[in-house]
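Residues per chain, in single letters:
2 protein chains.
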Amino acid sequence: MNAASYSYESLFAFTKTVFIHFGMQLEAAEIAAKNLILADLRGIDSHGIARLNGYIRLQKAGRANFNPAFKILHQTPSTATLDADKALGLNSAHFGMQLAIEKAKQVGTGWVAIQNSNHFGIAAAHAMLALEQDMIGIALTNASPLVTPTFGKERMLGTNPICVCFPSNQFNAFVLDMATSAAANGKLEIAQRLNKTLPPNWVQSENGSASTNAHELKLGGALLPLGGHKGYGLAAVVDILSGVLSGANFGPWVPPFVAFLNPLENLPGNGIGHFVGAMRIDAFRPASAFKKQMDEWIERFKQTIPIEAENPVLIPGELEFNETNKRLKNGIPLHHLVVESMQELASETGMSMPIAL
Amino acid sequence: MNAASYSYESLFAFTKTVFIHFGMQLEAAEIAAKNLILADLRGIDSHGIARLNGYIRLQKAGRANFNPAFKILHQTPSTATLDADKALGLNSAHFGMQLAIEKAKQVGTGWVAIQNSNHFGIAAAHAMLALEQDMIGIALTNASPLVTPTFGKERMLGTNPICVCFPSNQFNAFVLDMATSAAANGKLEIAQRLNKTLPPNWVQSENGSASTNAHELKLGGALLPLGGHKGYGLAAVVDILSGVLSGANFGPWVPPFVAFLNPLENLPGNGIGHFVGAMRIDAFRPASAFKKQMDEWIERFKQTIPIEAENPVLIPGELEFNETNKRLKNGIPLHHLVVESMQELASETGMSMPIAL
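First to last, the sequence lines map onto chains A and B.
The opening position of the first sequence corresponds to residue 1 in the numbering used here, with each subsequent residue numbered one higher.
The opening position of the second sequence corresponds to residue 1 in the numbering used here, with each subsequent residue numbered one higher.
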């Protein structure tokens with residue numbers, strides 16, 4: 001149940017001030033807050049201010065560092081490996097993406113593998129930085145294990161998202177940002193609140209049998225990969241690029257986001273890992289020609305003959321751009337549990353709560 | 001029904017000689033034959049020698065050029081755009097991948113967008129070139145439209161495959177090579193031959209309703225994207241990188257593989273498009289450390305607790321490596337229709353047929 005709506009500015013200011021209260025420098029706090037609240041703006045409520053308290057708890061548990069010293073471990077003209085010094089991914093992936101963009105300016109593309117990091121919010125927050133530079137943006141991350149590989153009944157992979165975005169001209173950019181599991185955990189939580197059963201192939205039970213129970217994860221079950229074994233393969237690619245290539249943890253060893261669960265012992269790497277990239281359009285063809293054709297691509301796909309006239313074919317990212325415009329105008333609705341988590345932070349820090357619209 | 005089995009060497013030699021007969025130079029014919037028969041070796045029967053006659057027909061129709069002059073239209077230290085001059089993708093993607101590898105040697109990664117090309121066989125044939133150099137290999141291609149975007153009932157996208165492969169040490173390499181449709185067209189053909197119904201969500205009917213009819217494509221239906229809208233998004237990313245970025249055709253304009261169907265008029269680009277890439281492992285971390293951890297990754301995933309002990313979790317590419325070993329030893333079984341298509345080529349060219357094992 002949504003308690004009330006808040007302006008983007010008020011949630012940004014609250015988040016920034018909380019990060020500063022817990023020791024973050026101003027500039028880093030602004031980056032982290034912007035990337036976090038972008039999720040709320042785009043309608044990805046599970047990844048926005050709802051997680052602010054979780055990030056703070058990670059810091060209190062000594063697992064997140066709000067004043068990290070980023071260190072480039074290795075680099076070539078088009079690549080780098082970054083030790084994020086336990087930063088929030090909200091900051092380290094932003095730094096990594098900026099580095100990738102700088103490299104792309106020099107040699108056409110830039111690719112940065114990041115280790116020793118924490119949860120980075122929505123992948124689109126980082127990949128979309130490339131759009132402003134007429135570049136293609138890519139952002140991947142691994143995450144703590146919830147998904148079983150095909151034929152398995154053990155949680156081995158995170159919901160490991162893939163974001164790829166392309167600039168366009170008159171239309172909004174193409175922004176694909178998707179979990180490689182059949183459904184993200186946030187969708188299960190919604191079904192739990194509404195007491196609904198799940199569609200088939202979202203989860204399986206602890207013994208590996210088919211299930212539509214929205215509470216299956218709490219009973220020892222697992223999320224299923226997107227469309228079966230292919231989704232497992234995609235999640236594995238994200239895990240290897242984010243985890244193995246960077247020197248972070250991978251597979252079942254990726255540390256949990258929640259501070260009350262401890263990482264496993266004898267970890268093979270450092271923290272969680274991300275992989276970000278930027279490709280300059282004009283490293284392939286003139287950006288103006290590409291963006292004009294992206295408009296043609298988008299226009300033609302929007303004109304696909306629909307099954308039902310009232311449900312036209314959508315372009316990846318279209319719903320999120322519409323939601324952003326709506327929420328910038330009407331405010332961001334927050335669930336009452338999210339408001340309560342903010343109230344906890346407000347009373348702990350002595351800050352005032354944002355004023356509801 | 002399989003007619004007989006043939007040695008790898010005999011199918012390679014037959015294919016090479018056919019390409020030479022129709023005007024290809026020796027070196028190009030060896031590359032094309034190797035890439036084509038690799039599909040048969042890996043058990044991807046739909047993409048191997050079964051298509052040889054189709055490539056020849058494309059040449060006869062003036063749509064494929066067996067003596068192309070590849071032209072680099074634009075490049076930066078880490079990128080290039082290639083005009084394939086109507087080559088078979090079997091050759092142009094190979095050339096593009098070699099160029100990507102050379103660029104990766106210089107600046108860490110290399111990325112090549114290819115326009116004005118034709119069908120490139122299996123994506124793995126190209127991506128796996130990177131493995132020999134301790135690089136990560138990537139190969140994508142668009143293809144003629146068979147797949148409808150979510151909510152649509154019009155064929156707008158190909159089965160647009162994604163291949164990503166990683167080198168390892170003691171184990172076989174990790175090789176994900178997958179169509180972004182729920183099922184590749186070859187799987188429908190198998191169901192047609194066996195007179196079987198399809199699993200749900202592979203195809204839909206002409207009016208957009210659910211179907212399990214293996215003949216649905218002939219009735220005006222469409223393939224469905226992998227796992228719904230996410231598969232549509234992935235297929236779109238492949239289409240844009242392969243088609244829009246390179247200056248090839250995209251979406252519904254991608255020319256058909258079969259020579260008896262003509263391309264549409266007023267095409268927005270040239271031929272079909274591919275996108276290939278190579279990333280040097282040691283542009284991120286020492287290759288030996290990465291490959292050792294890939295072994296750990298593979299070993300741990302093979303040990304995933306299985307639902308049924310007799311069906312262990314597989315590593316992407318594992319089945320294909322097993323099939324390769326089996327077929328190198330026992331020969332490659334060919335369907336009688338494939339043998340007949342080879343006999344047609346043999347009598348047309350005056351060549352002798354390979355001798356069955």
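Hints listed in this document are in silico derivations from the structure and should not be mistaken for laboratory results.
Be aware that a few hints might be false.
Below are the EDC-like pairs computed for lysine to aspartate or glutamate, each with C-alpha atoms no more than 20 Å apart in a straight line [to be verified]: (1) A:LYS71 - B:ASP282; (2) A:LYS302 - B:GLU154; (3) B:LYS187 - B:GLU216; (4) B:LYS71 - A:ASP282.
Cross-check of the supplied hints:
Taken as a hint, the LYS71 of chain A and ASP282 of chain B pair is honoured in the structure, with Cα atoms around 17 Å apart against an allowance of 20 Å. For the proposed pair LYS302 of chain A and GLU154 of chain B, the alpha carbon gap of about 11 Å is at most 20 Å, so the pair holds. Distance hint between LYS187 of chain B and GLU216 of chain B is fulfilled; the C-alpha atoms sit about 13 Å from each other, no more than 20 Å. Of the supplied pair hints, the one linking LYS71 of chain B and ASP282 of chain A holds, its CA atoms being roughly 17 Å apart against a limit of 20 Å.
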